[in-house]
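Visitor: In the working numbering, each residue's number is its place in the sequence shown (first place is 1) plus 4.
Any given hint could be a false lead.
Simulated DEER-style distance windows between Cβ atoms [what the hints assert, rightly or not]:
#, residue 1, residue 2, range
1, Phe10, Gln35, 27 to 35 Å
2, Pro17, Gly41, 16 to 24 Å
3, Phe10, Phe31, 32 to 40 Å
4, Arg46, Pro13, 27 to 35 Å
5, Pro34, Phe10, 15 to 23 Å
6, Ala44, Ile12, 16 to 24 Å
7, Glu9, Phe31, 28 to 36 Å
8, Pro13, Ala39, 12 to 20 Å
9, Pro43, Asp6, 17 to 25 Å
10, Asp14, Glu38, 25 to 33 Å
11, Ala44, Pro17, 15 to 23 Å
These aren't lab readings, by the way, just hints derived from the structure by calculation.
Note that the Cβ used here is the ideal one computed from N, Cα and C, for glycine as well.
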Amino acid sequence: MDALEFKIPDRLPKQLGSETSSGISAFAYPQLVEALGLPARR
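Working from the sequences, and respecting the hints, build out all of it.
Guide: And the structure:
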């Protein structure tokens with residue numbers, strides 16, 4: 005909802021399954037998080 009209020013979100017937005025090509029691979033996601041220096045999810 006932050007995007008609708010023109011606020012910067014505190015985490016990466018996720019789209020929930022409208023297309024297989026619009027998501028991020030479960031293998032690529034942890035590498036992206038590490039590359040961006042973000043904390044790992046618990």
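Visitor: None of the hints should be skipped; say for each whether it holds.
Guide: Hint check results:
1. Phe10 <-> Gln35: 27 to 35 Å: holds, 30 Å
2. Pro17 <-> Gly41: 16 to 24 Å: holds, 18 Å
3. Phe10 <-> Phe31: 32 to 40 Å: holds, 33 Å
4. Arg46 <-> Pro13: 27 to 35 Å: violated, 19 Å
5. Pro34 <-> Phe10: 15 to 23 Å: About 30 Å separates the Cβ atoms of Pro34 and Phe10, which means 15 to 23 Å is violated.
6. Ala44 <-> Ile12: 16 to 24 Å: holds, 21 Å
7. Glu9 <-> Phe31: 28 to 36 Å: holds, 33 Å
8. Pro13 <-> Ala39: 12 to 20 Å: holds, 19 Å
9. Pro43 <-> Asp6: 17 to 25 Å: Holds, at about 19 Å.
10. Asp14 <-> Glu38: 25 to 33 Å: violated, 19 Å
11. Ala44 <-> Pro17: 15 to 23 Å: Taking Cβ atoms as reference, Ala44 and Pro17 lie about 18 Å apart, which means the hint holds.
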